Amino acid sequence: MVIGLAFVLAIGGVLLFASRATRRARQFHTASEPIHGWMSIPFIAHTHHVPASVLFQAIGVQPRLPHDHRSVRHIARELNRPVPEVIAQLQRAIDAAAQPPGGAPR
Amino acid sequence: MNEQLLAAVTQYGAPALFGIVSIAAVGVPLPITLLLIVVGSMVSQGAMDLWWALGAASTGAILGDQAGYAIGRWGGSAAVSKLSGLFGKKASLQAMEAKATAWGGPGIFVTRWLLSPLGPWINLASGTAGYPWHRFLFWDVLGEITGAAVYITLGRVFSDRVMALDGVLGDLTWAIAASIAAMILGYQLWARLRRAR
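In order, the protein sequence lines correspond to chains A and B.
Quick note on our numbering: the first sequence kicks off at 1 and runs consecutively.
Quick note on our numbering: the second sequence kicks off at 107 and runs consecutively.
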């Protein structure tokens with residue numbers, strides 16, 4: 001009885017996770033990559049195909065040389081601004097970069 | 107805490123990776139798959155050296171695994187009970203001990219990377235079951251190097267799809283774990299039904 005119930009649960013788990021994995025795989029190339037506080041600006045720039053200089057400029061930060069790997073959270077703390085606000089500003093810059101001036105969105 | 111750990115790796119690179127992977131291998135639940143994918147993406151961006159990344163991830167994980175095994179083997183019942191309590195369910199250790207003995211080397215190999223949530227349990231259970239250390243070390247090294255290579259390579263190939271890839275791999279891991287559980291339970295059910303006839 002217990003084994004039978006566990007077997008049914010396991011089959012349910014297979015169906016649930018396999019269908020979720022399939023759905024995610026279908027959206028793999030179209031779903032937008034979210035921005036998180038742990039990400040650095042060059043990392044976000046790479047995942048969204050935008051020059052890092054555009055993103056640094058959008059949040060009004062001078063990048064450190066030679067490489068600036070500070071996280072968004074770290075930068076927000078230095079700027080004394082909330083993390084969601086900095087993330088929203090970065091998202092707007094990404095959206096603007098994806099939309100060429102006077103043209104339709106890419 | 108996960109956000110801070112991921113930020114530490116993006117900022118400080120291989121030393122942070124080594125430390126976090128070691129802690130996770132002992133049994134602290136941390137997002138290691140995502141971490142390795144992020145590292146792969148950083149390698150593709152030129153922010154981290156591939157060999158340093160592979161070295162830090164595999165040696166860190168091996169050290170953590172060996173610590174788990176050593177606690178199981180020589181740590182005494184109090185230490186084992188404390189560490190298994192860290193994973194969540196103390197009662198499951200005996201079941202894992204039976205699995206570690208039954209699965210042997212291939213079980214150790216697979217739980218290093220494909221079924222990684224079971225890894226810390228298998229380390230501890232292999233120690234308490236007295237699985238030979240040299241064999242545990244062999245399968246552990248093989249599994250951890252494979253795991254680091256697989257996830258870092260995936261991160262390199264899909265360097266701009268880090269979060270999407272982590273989502274797919276997370277669901278796939280659970281689907282595979284549920285499939286294995288279904289096969290074992292199905293076999294037990296079938297054996298019982300045969301005996302009952």
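Hints listed in this document are in silico derivations from the structure and should not be mistaken for laboratory results.
Computed from a prediction, not measured in an experiment: that's the story for all the values here.
We put the CB at the ideal spot given by N, CA and C, even for glycine.
The reader is advised that the hints may include incorrect statements.
[Claimed, not checked] A short, non-exhaustive set of chain B residues, derived as facing chain A with CB atoms under 8 Å:
#1 THR116
#2 HIS240
#3 ARG241
#4 PHE244
#5 VAL247
#6 LEU248
#7 THR252
#8 VAL256
#9 ARG262
#10 VAL268
#11 ALA270
#12 GLY273
#13 ALA281
**Message:** When the structure is checked against the list of hints, which entries are broken? Sort them ascending.
**Reply:** Those not satisfied are hints 2, 3, 4, 5, 6, 7, 8, 9.
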